[in-house]
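Full structure from sequences and hints, please.
Here is how the chains run, residue by residue.
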Amino acid sequence: MRLGHRKLVHRNWILFVILLIGALSMLFPFVWMTLSSFKTKADVYSFPPRWLPTVWTWENFKAVFDMIPFLRYYLNSIYTSVLQTVLVMLVSILASYALTKMRFPGQRTYSMFLMSSMFVPAVVTMIPLYLTVSAMGLADTYAGIVLPQISTAFTTMLLSSFFAGIPNDLLDAARLDGCGHFRILTKVVMPNTKGAISTATLFSFLTAWKSYTWPLIITTKTEYRTLPIGLKYLVTESSSEYQIMMAASLMAILPVLIAFIFCEKQLVRSITLTGMKS
Amino acid sequence: MKRGLKLFALTIAALMLFVTFAGCVPTPASVSGTESTDAAASESGETSVESAEETTDLTVAMDLSEREPVTLEVWYAVSGTSGETFVDQAEAFDESSDLVSLNLSYSGGSTDTATKVSAALLTGTEPDVALMYAGPSYTGGRGDFSMAQLIQREGFDADDIYPGMWDYCRYGNGDICAVPYGISTQVMYYNKDILAAAGVDMTNPPTTWAEFYDVCLKCLESGNLNGMDGFTAFDVTDTGWLFKSMCMQNGCSVVELGDDGTVTPVFNDAEALEVAEYWKSLVDSGIMAAGEHSAAENKFLAGNLAFIAMSSNRISRWTDVDINIGAIEMPYFKTQSVALGGNVLVILTQDPQRIEAAWDLISYLLSPEQNIEFALSTGYLPVRQSELEMPEVTAAIEQNEMYSVAFKQLSYTWAYVHFEQMGTMDLQIADALSRIEKGTREPQEALDTALNNLLGEMELDAQ
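So the sequences go chain by chain: A and B.
Using the numbering used here, the first residue of the first sequence is number 680, and each one after it goes up by one.
Using the numbering used here, the first residue of the second sequence is number 29, and each one after it goes up by one.
Please note that a few of the clues may not be correct.
As the list claims (entries may be wrong) - Rough simulated footprint, nothing fancy, chain B against chain A, three-plus residues with beta-carbon under 8 Å:
(1) 717-724
(2) 748-758
(3) 813-826
(4) 893-906
What the hints assert, rightly or not - Distance windows between CB atoms, simulated:
(5) A:Leu-885 with B:Glu-487: 54 to 60 Å
(6) B:Glu-397 with A:Val-734: 33 to 39 Å
(7) A:Ile-697 with B:Gly-451: 42 to 48 Å
(8) A:Met-781 with B:Gly-484: 45 to 51 Å
(9) A:Val-935 with B:Gly-314: 53 to 59 Å
(10) B:Glu-305 with A:Leu-699: 49 to 55 Å
(11) B:Gly-286 with A:Pro-748: 46 to 52 Å
(12) B:Asp-257 with A:Ser-795: 45 to 51 Å
(13) A:Val-803 with B:Thr-231: 38 to 44 Å
(14) A:Val-734 with B:Gly-354: 23 to 29 Å
Hints in this document: simulated from the structure, not taken from any laboratory.
Computed from a prediction, not measured in an experiment: that's the story for all the values here.
Built from N, CA and C at the ideal position, the CB exists for glycine as well.
In structure tokens, the structure reads:
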């Protein structure tokens, strides 16, 4: 008994060390980014690498605000990301419900068609999409940035896989109680798939937050541009100003961290359920 | 109930179909009135441009009394310090001009700008002026050679600009369709401490690639100051760029231009093969690491690399670093030659009033005073020969001796004409070199494959 307990403790310690190494390796880039944002250029390139800055400087953060309209880009990113996430979720939840819990002609074909769109690289559709959006007069507008990105096959298929798992008997029972589709969706399906919806929301937000090429193509005015465009501007043609890039990245990552903190529980649960990682 | 259900499902499906496949609808040529005409004109390119050229003689400036105030859309593909300097100069022009004001917009990196400009040309929403890489492909590619007329205007002095730079502004049949601005060449930078430790006297630097090879071996022997396992003597961030320079030095012109304007790639001939074999020898001897070019700059700045071939624009950027950096002229095989790279300025508008305004801006940016300021702030090269005699240049060289190397190289810069598939050619050359380095293909086989792939795409595009 005592030997078995000792073995268990020993095994736990090994597991703990392995997990600790894993956790530290995940944390390392973030810590390095944070420290580098306070370093001088000489410190960034010093060899052997210096963990801590020899002189802690705020100049890199100041340089970010001097080089780009950071606040404007930041607000634009928050606005478009939140709006896009809400619309993506709205479209995806409705579509997933229709695809899994309703019957209509061509349903299966449509599902396959939708799934196949995931295999088309975004760059292929970029110019046709620009032509369409531009013809609609949406170039240089928030709508132009957000609307073309609100239907994502990935989110729809992710939610569909969870919605399909809800027994139809549960829906039939709700129907017997007099529920229509809207109430079934909001009172039965959504409460039972909270984890999946949270995960899809986080993925959608992350996708919108880091979206670069489309906002760049569809906008030319500073007042509509988003943070990734600003970050790219700081990359001085594959430049060596890493400390400035790190300062900008540190500030840029904050909303994502906040979103992650709020959705962490659901995200981890969904990763466990689906085996997906972003 | 059942009807409502069907309607609900169909509405959702229709909404999703619309949004998901919105990008598959036809081009606006069939959608809107004025824009469709512009778009069609842009697509055919030559039709609209030829008519503009036929009606206007651009060698003579428009009379001031005919000029109207114009706001130009200007896109620029340079960021960081270069972007800021460009914006400062453009804004200074804006302030000084009563007739022209500017809307400046950063258009992303070279690939992003290419996509953005391509899309804009199709919808007739192109900028009036663009500072971009491969600009001649977007003007000459559409048959727009109006720049060739504009540079003949009195007071511009096109002959003052380096002939090699004009070559960089030609498309296909050899006509000029852009002006050089933000041009660079590769420079051979070195770590002074490593070379000193290796016992190499850099007051008498290696001039040929054979001498360079020997110096690199010395660095490998006794230059590893940090004691790093991954220490190597030489690397390059842009392999294709250097390979093209080396080819030209060895007598291979990379591409040949026929009398009828057709471009024929020749980078697999005997001279190019010699270069590829030299390239392989650098890897085989451990002088250069295979396939680690993207990390080369970091490695150099950390003091773990003796030589690096990089853009001249690093001269002004590597100022606040921990290592002692020097520069030498690019070694050569038979003759000195360095390939040009970087950006050009193009005029994309066809409107005569806007062309006048665009030319005002370009003339301003290419005036010796402005251009030398841009060059010294960004590390890009002066485009005018007269700029080298300016006191600012002397002062800059006194402050940073590496400038003199970049400026010396100006006398033997070289460029081939732009053609539609030049981006593919660069990718193919880089891929061939990568395979040679990793030993998955012999040099001749790798070059032949790259050339055949390029020819395949050229034939496909011609159909």
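Evaluation of the provided hints:
| no. | hint | in the structure |
| --- | --- | --- |
| 1 | 717-724 | holds (count 4) |
| 2 | 748-758 | violated (count 0) |
| 3 | 813-826 | holds (count 4) |
| 4 | 893-906 | holds (count 5) |
| 5 | A:Leu-885 with B:Glu-487: 54 to 60 Å | violated (42 Å) |
| 6 | B:Glu-397 with A:Val-734: 33 to 39 Å | holds (37 Å) |
| 7 | A:Ile-697 with B:Gly-451: 42 to 48 Å | holds (46 Å) |
| 8 | A:Met-781 with B:Gly-484: 45 to 51 Å | holds (48 Å) |
| 9 | A:Val-935 with B:Gly-314: 53 to 59 Å | violated (43 Å) |
| 10 | B:Glu-305 with A:Leu-699: 49 to 55 Å | holds (50 Å) |
| 11 | B:Gly-286 with A:Pro-748: 46 to 52 Å | holds (49 Å) |
| 12 | B:Asp-257 with A:Ser-795: 45 to 51 Å | holds (47 Å) |
| 13 | A:Val-803 with B:Thr-231: 38 to 44 Å | violated (55 Å) |
| 14 | A:Val-734 with B:Gly-354: 23 to 29 Å | holds (27 Å) |
Hint check: violations occur at hints 2, 5, 9, 13; the rest are consistent with the structure.
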